[in-house]
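*Asks:* As a plain string of letters, each chain reads:
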Amino acid sequence: MNTLLSPHILIAWLVLVAMTVISWYLSIDLSVALDQGHRLTTSLLFLLAFFKVRLVIMHFMEVSTAPQPLRIIFEIWVLAICTLLITMYWLLPFAPT
Amino acid sequence: MSVSSGSTTSEKHLPGELGVWVFILGDMMVFSLFFAVFLYYRSLELDLFIQSQSYLNIHYGALNTLLLLTSSLLVVMGLQAIRTRQLAKAPGFFIAAIACGIAFSVVKFFEYGEKLAAGYSMLSDNFFMFYYVLTGIHFLHLLLGLIVLFFLTVRVRSLAAQGGSVDNKNLVLFEGGACYWHMVDLLWIVLFPLIYLMK
Numbered sequence: 004m005n006t007l008l009s010p011h012i013l014i015a016w017l018v019l020v021a022m023t024v025i026s027w028y029l030s031i032d033l034s035v036a037l038d039q040g041h042r043l044t045t046s047l048l049f050l051l052a053f054f055k056v057r058l059v060i061m062h063f064m065e066v067s068t069a070p071q072p073l074r075i076i077f078e079i080w081v082l083a084i085c086t087l088l089i090t091m092y093w094l095l096p097f098a099p100t
Numbered sequence: 014m015s016v017s018s019g020s021t022t023s024e025k026h027l028p029g030e031l032g033v034w035v036f037i038l039g040d041m042m043v044f045s046l047f048f049a050v051f052l053y054y055r056s057l058e059l060d061l062f063i064q065s066q067s068y069l070n071i072h073y074g075a076l077n078t079l080l081l082l083t084s085s086l087l088v089v090m091g092l093q094a095i096r097t098r099q100l101a102k103a104p105g106f107f108i109a110a111i112a113c114g115i116a117f118s119v120v121k122f123f124e125y126g127e128k129l130a131a132g133y134s135m136l137s138d139n140f141f142m143f144y145y146v147l148t149g150i151h152f153l154h155l156l157l158g159l160i161v162l163f164f165l166t167v168r169v170r171s172l173a174a175q176g177g178s179v180d181n182k183n184l185v186l187f188e189g190g191a192c193y194w195h196m197v198d199l200l201w202i203v204l205f206p207l208i209y210l211m212k
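Read top to bottom, the protein sequences are chains A and B.
Counted the way my numbering counts, the first sequence spans residues 4 to 100.
Counted the way my numbering counts, the second sequence spans residues 14 to 212.
For the record, the hints were derived by calculation from the structure and aren't laboratory data.
A couple of the hints might just be wrong.
Quick list of in silico lysine to aspartate or glutamate cross-link-like pairs, EDC-like style, CA-CA up to 16 Å [unchecked claim]:
| # | chain 1 | residue 1 | chain 2 | residue 2 |
| --- | --- | --- | --- | --- |
| 1 | B | K25 | A | E65 |
| 2 | B | K212 | B | E58 |
| 3 | B | K212 | A | D32 |
Note that the structure is predicted; figures quoted are calculated from it, not measured.
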């Protein structure tokens, strides 16, 4: 019997859902206390988001079993954009007045 | 991924066609630019962005994320049905994925309607301009994705009726369409924290 839902796909999806729920919860927490910790929490939200993006790319879009050049392009993109956005987030804004 | 050096068979497989990947990468680059531009303008009006963001309902955003994640899972399963020559099962999965996409759209309409009724339009401030433009452009991509999924559903049903096999020419269509849908999913995965959650 050919299974339509391989274990690694199911696990990927469960991780994606769990991370979404965690982000959801974290941000409710965030809006309650806008102290210094909010920068770290927001950075974590970005990291979680790009970890999820990478899961979708590698497992749902099957880039992990695609030719190496494509995989390299996507790995670089995930790393570069995640780094760019988090760096911009930390460097650009000044402390809220 | 393990590399079997010197092996005669390569397990590397490019889903879909190269053209689809060029499109996907290009689209992701454009959205990456949008993300960066958003962060830049946000830094110029931080208090305003945080204040305006508080009028958004993060539950809508989270629900939409879960809907798209589930729809992607269903598309993966539909594609798997096609690959394992169980074509008759594929339409159900694609239709369920379309249903998730329609549910996303309903939430979106509801959400936009609420914001507009409360007086927050694209012209209200820069945050709302970005909110409507970024989620709106994403939504257009999603609508296109629904058309693609619909087309895939019709095609797989017709192939199933004809005899239940999918040649490579057709398989790349399904793979390409599926990858486009996953792109719609992953773009929202970034948009959700970027617009709704970050402080």
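*Asks:* Next step is simple, just say for each hint if it's right about the structure.
*Replies:* Hints, verified against the model:
no.: 1; hint: B/K25 - A/E65; result: 10 Å, holds
no.: 2; hint: B/K212 - B/E58; result: 13 Å, holds
no.: 3; hint: B/K212 - A/D32; result: 11 Å, holds
When held up to the earlier numbered hints, the structure conflicts with none and fits them all.
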